[in-house]
Every structure is written in structure tokens, then in C-alpha cells.
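Trainee: So the chains spell out like this:
Number of protein chains: 2
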Amino acid sequence: MNDEIKNIKKIIINSSFELDCGKTIKNFPLAYETYGTLNKSKNNAVFAFHALTGDQFVTNVNPITKREGWWTTAVGPGKAIDTNKYFVICSNVLGGCMGSFGPREINPETNKVYGTTFPVITIRDMVRAQKYLLDHLGIKKLLAVTGGSMGGMQVLQFTSLYPDKTHSAIPIACSASHSAQNIALNELGRQAIMTDPNWKKENSTPDKGLAIARMAAHITYLSKQGLQEKFGRKLQDKGSLKFGFDADFQIESYLRHQGATFVDRFDANSYLYITRAMDYFDLEKQFNGNLSLAFKNTKSKFCVISFSSDWLYPTIENKEIVIALNACGANVGFVEINSDKGHDSFLLDVPEFLKTISEFLNSTYNEINNNEKRI
Amino acid sequence: MNDEIKNIKKIIINSSFELDCGKTIKNFPLAYETYGTLNKSKNNAVFAFHALTGDQFVTNVNPITKREGWWTTAVGPGKAIDTNKYFVICSNVLGGCMGSFGPREINPETNKVYGTTFPVITIRDMVRAQKYLLDHLGIKKLLAVTGGSMGGMQVLQFTSLYPDKTHSAIPIACSASHSAQNIALNELGRQAIMTDPNWKKENSTPDKGLAIARMAAHITYLSKQGLQEKFGRKLQDKGSLKFGFDADFQIESYLRHQGATFVDRFDANSYLYITRAMDYFDLEKQFNGNLSLAFKNTKSKFCVISFSSDWLYPTIENKEIVIALNACGANVGFVEINSDKGHDSFLLDVPEFLKTISEFLNSTYNEINNNEKRI
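Sequence order for the protein chains is A and B. Heads up: the first sequence begins at 118 in this note's numbering, then just goes up one per residue. Heads up: the second sequence begins at 118 in this note's numbering, then just goes up one per residue.
If you're looking for bench data, these hints aren't it; they were derived computationally from the structure. Keep in mind the model is a prediction, meaning the values are calculated, not measured.
Below, in silico cross-link-like pairs of lysine to aspartate or glutamate (DMTMM-like), each with a Cα-Cα straight-line distance of 25 Å or less:
id	chain 1	residue 1	chain 2	residue 2
1	B	Lys347	A	Glu434
2	A	Lys347	B	Asp399
3	B	Lys318	A	Asp363
4	A	Lys159	A	Glu484
5	B	Lys140	A	Asp354
6	A	Lys436	B	Glu346
7	B	Lys351	A	Glu437
8	A	Lys359	B	Glu222
Negatives, chain A to chain B, calculated, CB over 12 Å:
id	residue
9	Lys143
10	Lys157
11	Glu185
12	Glu222
13	Val467
14	Pro468
15	Ser480
Where a beta carbon is used, it is the ideal one built from N, C-alpha and C, also for glycine.
Please put together the full structure from these sequences, using the hints given.
Mentor: Next comes the structure, spelled out in C-alpha cells:
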């Protein structure tokens, strides 16, 4: 898999890049993918930011994992983010494991993988690196930035850092800073990895710990009701209970499968670094406790979206973003989508959600083009 | 610690005892503790059932762990379950690790600890064993059975199995069967233990896996809001972020501490067996899908209690018990206590909750004694 990753599309950022941790990096890769065609006016570009375990392969089949892209429900020809109309960009985040500068990359100074010698990165670092990609692509102003979960955090960070670089922003199922519960859940995953005796051992990977981390996270992506409807107390074999510790219930088998398959596609250290970045994210703190100051120069139109059954980034946390945007006079709409599918809803075929994105993008696009025609 | 456990109070159940799994056990210990004095009429006894990681030491200092009993907030002289007035009984459950027959006990046939050769037990097995203790103590009818979480499940199972053995029942923060989410959370803990390379290894214990299991469980015992109020994003050291993977946030340090101290007092295999019993519990299934039949012969008065911020056993699941009790014409009251402390509320000093128990017990006690005087 590593060899294939070497050949995927990327830019090399040559500038000296000072990370929030204080270290400076340079000549580092940022892997990316694009879908659709950039129009002549270069005003149809949508930057999609991925979540914790996502990557740049938003739609179609991921050439490395051979699995469907993480947002095929939303992105593609004729879909809500219509690649016949829009030019969709996505980059693997700093710290990731799909070709961007991350702990699985080789440190040229030692010729060994970075592993835990990789510097701790932040959401702000991720977004600043992605800005280089925009410049590389020659895009002065995006039509929209969007993303769910950690992708939404990047949306907020991007609009705050670059208030005139996007016409619109769609932060989905996210928060301006991680709650104590979310830090706790991430720490649980990190502890599972870091207490695996194979962690930091040469020629081995902490697969068991990473699988536990994934199982824990997966539970949080679904709602209690959604799990109940999908699995309830259904048994794996239709017969009776086995009175042992094999997977008796379908939910057990499902979770074990989620854990086992995840380790094939994800790097345990990337999991540590990216969850750390999420926990460190605190846009309010960046502006001395006043979140609305984060957006005070924004020229973007916002559409904030939450899901009714998302308990990881509940509606109340999404509303705090709306309140801050309102407080600085930004143009902001807010929709809570009814769904029993929990946090995962943003990745699923939830028609009301997809329609919201589609219509918001469409109206933004029309406004821009009508304005340009008028001018 | 094992030597001290040998000397604690217990009965030996000599009868052949057929477990739900089909195996028969005999001559096995059931450890217990009592508080207060059984009155002459033997009508002041309250059986408190403990939760997953509890034991028979309800109040005062646990002589083995040197920690406070798990329900000191509710049980003691002058407290809601007043040991000046009531005789409180609690027994370590089958499968436990505080002197009752469990995986840490020595198998006399092999002279080794049972470990995973211990039979899988159920809530019904636990309750049937506890009935022997009642007989041993010469108590024909309890004033009340009570308990929270898994303790509440035992309350439901007890009243169903022995409809005329208690005047009243107080199931707290529980459910008549585990939801898919709760099974998932327990499975997460079991996987953490079972993938620890020290599990089932002679002379070693899967401490790291058990600590992870405890951390995961601990998160579920608290509400999002409660965690936010208690910890928020407070840093461990007042300075700034450390840009590493040590505990930066107080919540991380707290969780690590919860995990680390738990392994000193609990057996990893007991954790497996008891969570399995909880997942298997399905009172509705015992009565062919009609929960109200579970209580059709009950003569007990019920007081069902839930907590508003408990997302592990939410109010809706407690209400299903109330609905079933109503459907069979039982005498049942229901209270949802407002608390932001999550599932843990039943162990904490929540005045409205403690008052509810106190008044319910008091009125039950007065009714019985007035009736007896009248007769």
C-alpha cells in the first residue's frame, strides 16, 4: 500500500512552514484529489475537508483502499455537490496517512518513518497547508468550503483565517471546540493504541489497540435509536445464546468487523495525531474567548447543519457557531436535519440534508454569476 | 487481597444449582454483608443489589479495598435507607470477585483459578443464588428490593421470580433488557480485555485492557453536560498545551486515573462474565415477548426511578418497565429525577432522589406495620 501511495497526486510545499507547536517544517507533501472541471472564471470550486479517518478520495473508488470514497452520497455527477457543475477539491490532512506529511512518512534525516517523532499538528496547521494547494491550483476564491465533523472544524478555521477566500461555508455536524466528552472519547482511543505492546515497536503495528479505538469511535458515530433499529438484540446465529464470549449478538460481530477492517487502511499514529488536533481545536480560545471575533472579517455566507440524533456534536454545539456568526453580523442560515442515524448522518443518504447542501450551493453559485454578469 | 477475601462473611450453597447455561454447580460460596438490625417481626429487611463493579460492601469502609462502600450516599444511620431502622443486606453477585463464586475462585478439581473455565452466568442465576441467602437469614418477606443499573435488573428479576417475597421494589436507572448500544459498549470493554496479550496468561493479568474497559465505561456513566461542567477544557497544568500525548486536559488525567485504580480492585474475568450477564438479560424474552407477564403475579408495590441525563439507561427504557407494570395492574409509581450527573446519579448525593427512596420505604414500612397491628 505504501508504494501505491507514493504515486498519488500531491504538491510539495517548499516554504518554511511554522507549525503551531513551534517546529518548522519544509519540503513536505500534501496529497490531494480533484473531481469535475474548474470553469474559466475559476468560481466553481468547492473545497471539501475530510474527517478523522477520511482522505482526499471523496467519491468514486479510492484507488488505494479499493473502497468507495467517503462522501459518494454527496459528491458526484448529478449529486448534491454536482461534479458536472462544481470542481471539488479535497486534500489529505497534515498528519494523515494517505500521502500527506504524516507520521507514516519517511523522515529524510533518519531514513525511518517518523512515527511518534512526528510533530503534533493542529487544525490550523492543516488548514494553512491546504491554502498552499488553493494557490497551486490558481483559485483566488472558492465557491464553498464544506465538511462534516473534523471537516467542519476545518471549515470554521478556514473562514476565520481567510475571510475573503470563499463565497460560502457549510460546516456540518461539528463544533468550535471539543467538549470534555469528546476529548474523553478520543483519549480512550489513544490509550487503547498507546497501551498496545506493539505500539512503537519496530516492524509491528498496534492493530489491536487501533481496532479498539475504532470500535469505541464507531459507537459514537451512531445514535442509540439507530443502533436499536438496525441491530436491537438480534443474534448472529438465529439459534439461541451460546453462553460464551464469541459474538452472540449481531452488534458485536459488526463492531469487531469495523475494528478489524480499519487497521488495514489506517495508521495508528495518524489516529493519535489527528485526534490530538481535534482535541486541541478551540476557535474561541484563538480569539481570547470571543468566538464571534473569529468571524468578524468574514464575507462568506454560512449554512450550518446539524443532525437531531448526533450526540457527539449535538445541535446545541452547532448552534453556538450560529450564535457567534449572528453576533458579528454574518449571513448565516441554520438547519437541524431530522435523522436517527447519529453523527454518521453526514456520510449517509439523508435526502433533506443533501437537498439543503444542493440548494445552498446552487443559490450561492447563481448569486455569484448573476453579480458577475451584472458587473 | 485474596487471603483477606477468604475470611469475609459468606454462605456455602450446598444444593445442586442448575445455571441457565445448563451446567450444574454445588458447594459454592456467596459472600454478603448486612447493616443494621433485623427486627423481631423480620419485616424491616431491604435487599440492595449491586451494579457491575460493586460488591457486598454497600456502606462504611470496604474492608478489602479500604474505599468507601458504593452506596454510602444512600445507606447508613439516618440516611435514605436508614440502617437505624432497616436491616440492609447485600451479596456479591455470582461471577463477582469479592468472595462469591466467580472466575477468580479456585476450582477444587484442578486447584487452579477458574478464569475462563468459569461457566457463563445470568442475572437470573445471580438472583436465584441470592434467594438462598434470604432463606439462610430466615427472612420470609423483604420490605424492599432495590438497586441501580445491573442492581435494578436484579430487582426486576427478583420480583418476577419471587412475586410474594418482597413488599416493595425500587428499580433504579435500569432496563428490562440491554439495548444494542449497551451491548456494544460492553463488547468494547470485553474486546479491550480479551485482546490484551496478558489475558489468559499464567501469572499475569490484562491490566491494560481492563483499564481501557473501565475508561470506556466511566465515560458512559457521566453525562455530556456533567463532564462539561466538571472538566470542560481545563488543562492539567495551568500553563499551555504541551503538544504531546501526555495528559494535557484534566479529563484525560481523570480517565487515566479511573482506569489505573480500577485494576487494583477488580478481576478482568469477572468484568467479562458480569457484562455478559447484563447483555444476556432480557426479561421480556423470558416471557415470550410480553414484559407485563413477568410481573403478573406480583404483590409488590413499585417505585421506578430514572435520571434525566442518564443516556445509558434513559428514562424511556425505565418507562417501559412502568408500562409493563401498569399493564398487569401492579401498584407502580414513577419518578424521573432531574440531574445532570448522568447514570452515576444513583450513586451520588442527589437530594430529590434520596428523598424519593426514603419516603417510599417509609410509607411501605408504615403500611405493613399498620396492617400487622390491625390484624
